[in-house]
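Student: Chains A and B are the protein sequences, given in the same order.
Each residue of the first sequence is one higher than the last, beginning at 1 in our numbering.
Each residue of the second sequence is one higher than the last, beginning at 1001 in our numbering.
What the hints contain is simulated information worked out from the structure, not anything from laboratory work.
Because the structure is a prediction, the values reported are computed rather than measured.
List time: in silico DSBU-like cross-link candidates among lysine-lysine, alpha-carbon distance up to 30 Å:
1. A/Lys334 <-> A/Lys306
2. A/Lys341 <-> B/Lys1384
3. A/Lys216 <-> A/Lys359
4. A/Lys237 <-> A/Lys359
5. A/Lys306 <-> A/Lys332
6. B/Lys1527 <-> A/Lys341
7. A/Lys306 <-> B/Lys1384
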Amino acid sequence: MIWIVFAAMTAAVIGALLWPAVTSRPAETRAERAAYDRAVFRDQLAELERDVARGVIGQAEADAARNEISRRLIAAAGEVRAKTAPGFASAAIAATLIVPAVALPLYLMAGNPLLPDVPHAWRMENAENNGDMPALIQKVEQHLEKEPDDLQGWQILAPLYRRDQRWDDAAEAYRNILRLQPPDAANISDYAEARVMANQGMVAAPAQALFRQALKLDPTFPKARFYDALALKQQGKADEARAAFEAFLKDTPADAPWRPMLLAEMQDMSAKPPALDQQTMADASQMSGADQQAMIRGMVDGLEQKLAANPDNLEGWLRLIRARAVLGEAGKAKAAYDRAKGQFASNPDALSQIDGLAKEMNVE
Amino acid sequence: MNSIAEIGHFALILAVGVALYQFAVPLMGAQRGDVAAMRAGISAALLQFVLIAISFAALTHAYVISDFSVLNVVENSHSAKPLLYRISGVWGNHEGSMLLWVLILALYGAAVAVFGGNLPLELRARVLAIQGSVGFAFLLFIVLASNPFIRVDPPPIEGNGLNPILQDPALAFHPPFLYAGYVGLSIAFAFAVAALIEGRVDAAWARWVRPWTLVAWMFLTVGIAMGSWWAYYELGWGGWWFWDPVENASFMPWLVATALIHSAIVVEKRNALKIWTVLLSILAFSLSLMGAFLVRSGVLTSVHAFAVDPQRGAFILMILCVFIGGSLSLFAWRAPQLKAGGLFAPVSREGSLVVNNLLLCVACLAVFVGTLYPLALETLTGEKISVGAPYFDLTFGPIILPLLLLVPFGAFLGWKRGDVGLALKRLWLALALALLVGVIVLALNVRGPWLAPVGMAIAAWLVFGAIADVAAKTGLFKAPLATSWQRLAGLPRSALGTAVAHAGLGILVAGVIAISLWRIEVIVALKPGETAAVGKYAVTFQGEGPLTGPNYTGRTGAFLLKQGDRELATLHSEKRIFKPSGMPTTEVGLYQTWHGDVYVVMGDETTGGARAMRMYYNPLVNFIWFGAAVMFLGGLLSISDRRYRVGAPRRAAGMQAAPAE
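Extracted from the complex, chain A is given alone in its bound form (with noise of 0.2 Å):
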């Protein structure tokens, strides 16, 4: 118990605060404060008498440094002796009080007594017996850092990683479950699909290229034709997506997990684009399709002259690459990236940001 501990160890800072206190008798008497002055002149002396006797100093100088100290020593006796209470220890053993009424509160205040250590080593080892899910993890990763080929390591990390929302780590555990397995619907679809996740919900033509991939596959896989559908949403082609999602509403069995998100795409067909701002994106919603295309394009060209105008502005180039990336202007795209790159040349962090995310959307 860990109060005990602490206990032992302020009874220990107390004693040893008393023990001078105690062990001092009241009528000790201490060297008088000139005692320590005559005791300093006496050793200069004597350490006079050595220089001269090893020849390092003239006789001279030493009978003048002789009289200096001699004339401080005189002066060190003269002084009175300095007044001595008598030595009272209850004040000094009353204050040690002082350490216990300034450490419990603040420790009270600070610690947290009841949190165990929890040494790295240790925790990697009984990760199974715990049950420690970020341990396991880790330790999976270990084990693929050396051995980047065991598929069952990447089948075992993927939905760890979906669980926790890592998107980016459950892309990339996907994407090396598909590089060692032939290829088929639901391992092509479980990659893009982790791909629009960590891309904040958005399908890009990439993910958008797998999906169809996936359903030359299987064209009845549900995740496939969903994303699918909901790529055409986002691309402000409504009705191409509109018919899609009923076509597959109509496959889709009452009791199919996925069919209340199929239904609520559907109520909400007002297509997302590239986050742009708030009020723009609500008046988009009440526009027609068309309107709301040529509205975001016309956005998405002010943000590039804005951009041209202050270009020191690296969540701006990130969100105008994404934009012409998923609106299709592969040229545009192109463009904005080459900008970019040339505008943040001297900083490697906005660099790798812009290439990971020209790679993310397939611009090159």
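Since chain A is already given, all that's left is putting chain B on it; use the hints.
Tutor: Only chain B this time, still in chain A's reference frame:
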């Protein structure tokens, strides 16, 4: 299951209480003449050290075992980091470095408690009380605003890692040395405040202030030199000192501490300059507190500003006001009651040390203005100016040059009243040799700046002057060699230490002058196979390859270094990208010789497959750190001396014997 981290936390908090006890009880005891209460300060100081050491050990333990339930470990460590950097990570962050700060403070306090047996009991009690008050303020700051023992529940599985630029052996040990210097000045401060409270300066006070200050000065010297060495080879700018505010924050206390170790000699040997020494002690520690404030409050952005937090800044500022304001007020009130000491003529050892003090303080003022003026201007008007090397060359240089000229001279003046003619007579050979060096430099460097021959002559003057000092004291060339050797062995260590430290200063000055005036800088774009000339060396870029380290990747470039037809070495310069942060660092390719370094930095890719390269020949650059090491050695010699000497005044006649120390 008991938690070691919590035990460390509790020990730290107990130390707060003990520090308060250490402040209040001995101070009251000394006032009332209560022996028991005065004694209590001694055990409190020891106890405080033990408690903080437990706390520091607990934090180190958390780092070593990668206990990510401690927030500080999460933020600054990583389980894959090498053990050395897991340990140095303890002080590679704000909270841990503050804990190291108070640990060293408590260590000094405990040292006074243990070795202070020959101090009068009241004086020791008061010194420990002041030391306790400083400890209390900083411990409270740690617990309330910079607590390294804050826990995380549930703990993450991995930490964020240490700033890669700090993952370097020189930097791992630079802070402990620097802190030992900064904090060591607190002892001189505590002695000064105790003397002010008592209204008297004892012989024992005079004897003990200097060794403590000397210890602090030695650590400060090494700490600054290590920081500069690190900046030289890790930052890849090719320079060794940048007059950066953070560097200045450590340099200002060093200048005042240098003044202090000189004025303390006068107090120790002649019982004079006491009031001035008390003031210097206060100033030295005030400057080191101010350095802590500047660096830690986020007023300066740098690699040292671990945590920019206005609350912490305000807290440190408050501590600053209490201690600096309080001690200066106390000085104004009590200093007039201190008895002035022995008299001396203007031309004397004491006189020369006064000049030394004045020049050092003015030099410190120049640095102070150059460091704080831009900050003040930015705060008041929002205007950003940068004060760089030109300012310091124009202000610091002209102040410090006459001081350097005076150094060998002062060492030859007698105590109480000196004889210029005699000093010159003993120094003529050193002077002639120094002038000869100046003439040789002038001849070799016809079109160079005027400073070159002057600077090198001054450096030579310092070194030869120091040699002449030892020669005179041992009767070299006048007495038989065996006698001289015997005298050298019998020479007081402090005299030897003075000469060695002054020679070290000369070596350092030679390095500084050489690199400022004769450095060769070559900036070229090279393709693999191409060669650039750097002075008398030819550097061929052989090509580059990928690089994989434990926690970084990057590119490494190979360079063949040739002098004429002789192949000297293959240098490697690296660009590293550290994994968790993507932060880039540079590794310099360095070829070191006694007369200078060839320094190669691989830069960014340019168009057409070439890379921008920066190459330097840095003449005599290692003299700078070698000189600092020699100065440290001088301090070590001086501190190993027995301290019972008194300055022997020289009579007007009969001056044939060697000057005594």
